[in-house]
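Engineer: As a plain string of letters, each chain reads:
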Amino acid sequence: MNNSIDIEKTKNFLFELLEQQSETKSIEWLLQQKDKIEKEGSYLKFYMAFGQASRFFKKTLLKISENQKEFAYTLKEGFSPQTWDQLQTARSYLLLHFEEKEASSWVNALNKLFETADMHEQQSLYAALPIMPYQLEMKERAIEGLRTNISSVFDAVALNNPYPAEYFDERAWNQMVLKAIFMQRPLYQIQNADERANPTLAKILVDFAHERWAAGRTVMPELWRFVGPFINEENISDIEKVLQTGDPIQQKAALLACSSSDFAPAKKLIDQNPEMGNAVLNEEITWELIGEEFQYGK
Amino acid sequence: MEMFIDPHIHVVSRTTDDYEAMRKAGIVAIIEPAFWLGQPRTEVGSFKDYFSTLVGWERFRAKQFGIVHYCTMGLNSKEANNIPLAEEVMELLPLYVGKEGVVAIGEIGYDDQTEAEDRFYRLQLELAKEVNLPVLIHTPHRDKKKGTTRSMDVSEEHGVDPGMVIVDHNNEETVKEVLDRGYWAAFTIYPHTKMGSERMVEIVKQYGPERIIVDSAADWGISDPLAVPKTAALMRKMGIPEEHIRMTCYQNALTAYSQSGQMDELDWLRPEPIDQRQRQFGNSVLRGGQEPKVEGSDFVEN
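Each protein sequence line maps, in turn, to chains A and B. The first sequence begins at 3 in the working numbering and counts up by one. The second sequence begins at 74 in the working numbering and counts up by one.
It is possible that some hints are incorrect.
Here are some chain A residues pointing at chain B (derived, C-beta under 7 Å) [to be verified]:
#	residue
1	Y49
2	M50
3	Q54
4	T118
5	M121
6	I152
7	N275
8	P276
Just so you have them, the derived chain A footprint on chain B, three or more residues with Cβ under 8 Å [what the hints assert, rightly or not]:
#	region
9	168-181
10	304-311
Below, computed lysine-lysine pairings styled on PhoX-like, alpha-carbon distance capped at 20 Å [unchecked claim]:
#	chain 1	residue 1	chain 2	residue 2
11	A	K11	A	K47
12	A	K60	B	K136
13	A	K270	A	K243
14	A	K61	B	K136
15	A	K78	A	K141
16	A	K47	B	K136
17	B	K202	A	K47
By construction, these hints were calculated from the structure, which means they are not laboratory data. Think of the CB as a built atom: it goes at the ideal place given N, C-alpha and C, for glycine as much as any other residue.
Using the sequences and the accompanying hints, generate a full structural model.
Structural biologist: Quick look at the structure:
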């Protein structure tokens, strides 16, 4: 077992969350199933309990206090159960009680569960990656999760999840961001997005924007976040083009991208648009705000 | 708007045009029974992926058109005749019967009424009892009357309550016994081989709406995913009372299958706009941010 997470503490934390907000009979059922999984160690018992949890827990978002959010971060940097529902929390709790002596047999059992999982079960499994006992071993599975066209499952891997930034190589990371853009997902919910920005991704995204423009389509404004640090002679004209669109949300995104660039002509663009430029420099415009406005309107 | 349930349709074989038309015609919920695919399967993995599709991709696809998708799980009678494969499928089934939105074991029963079919039918009746799910019986195309009677006899032999069993693909010859014995009697409006809408109207006139269910069983054959709303329209035209139309084209299916605890009217009555594409369900059937088509147009949209 690698030491990236304290399984016992995590189990207790998930239980505490559920106990606060679920019905007594559901909690009783959960404890019974947990005992069975621990004692019998049979993967079939675990699969069945994992599935049947939907009969006892709701898909209502967890209510989480600020303290609990902070505590979640001490268990695992980036772990964000405030984006989880009660059912997936119960499923994750059961998952942490399923143990195997060898990492390989644990991974095999999990893979079988992934292959037979329904939509919500898949969501639960992918979102639980950062608290799993064997994380590195699940990398290929996590990448497989990006190939889905079911957006809620894709989101479980890509959004509000520290796993991709920690484990994906550049190729998989870039594939994830590009697909998130293609599916118009809220990019600001991708964790550690700026740390993993890279010139290859910037180039792919600029090409993508060209392709969309050639077809008479627009691109989502958050795309420029990943281009910003790599603005250069070649692509500065694209940023200028976005500034000329006349669409404020696109313009804000272009200037915010410029603010993360060291390239002098990009800095100059900020100066040339003082009103929006100042709002960028004063951090009144952020990627979160742009993303939220784009997804949900003002 | 008038609401319909099509409690038997194989939407994996249907196009998005069908989904649009179904929603427009008022279909709010559908049940997709696990069945055969036309081409016989030769590997258990094909069953696994099919079952996963029923609780995964197809459910997602339906949702994008504002239709709630449920399914039934089972080994169909035709493929029960490949015994080694059938045995493997039986080991797989327990993984799927407890999943969300699985509202029955089915469609099971007889095709050629062989010994193997009988064996796997009985095993699945036992499975249904164990997990407390209703049963959907597929009655055979050939030697139908005897096959229907036998299906019910065997079900009773295993102690399954007729109120938990939906007997499908009935006709004028089978309906009386099925109703008299306390079962739900489903009718498949499927051109040429099963029922037509006009005959269906006559049956509702004669037997009333009690425990009668109308479905399309639309699949990869020549069939009609709008069979339920079309039959309802004909019933109205022929003077069948509104309440009887509602019972046979909506309520009875809901009552029968909600015995699973997995189907609830709130699933579609809860106001959740279809067109949430940018929020919860990005586009994937609707690829790359394309706008969902609301009305038909005479050009292909960009």
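Engineer: Does each hint fit the structure? Answer for all of them.
Structural biologist: Tested hints:
1. Y49: Status holds, d = 6 Å.
2. M50: Holds, because the Cβ-Cβ distance from M50 of chain A to chain B comes to roughly 6 Å (cut-off 7 Å).
3. Q54: holds, 5 Å
4. T118: Holds, about 5 Å.
5. M121: holds, 5 Å
6. I152: Nearest chain B Cβ about 5 Å off; hint holds.
7. N275: violated, 27 Å
8. P276: With Cβ-Cβ at 32 Å, over 7 Å, it is violated.
9. 168-181: holds (count 6)
10. 304-311: violated (count 0)
11. A:K11 <-> A:K47: violated, 23 Å
12. A:K60 <-> B:K136: holds, 19 Å
13. A:K270 <-> A:K243: Between K270 of chain A and K243 of chain A the Cα gap is close to 15 Å, so the pair holds against 20 Å.
14. A:K61 <-> B:K136: holds, 17 Å
15. A:K78 <-> A:K141: holds, 17 Å
16. A:K47 <-> B:K136: violated, 30 Å
17. B:K202 <-> A:K47: holds, 19 Å
This entry does not satisfy hints 7, 8, 10, 11, 16, going by the numbered hints stated previously.
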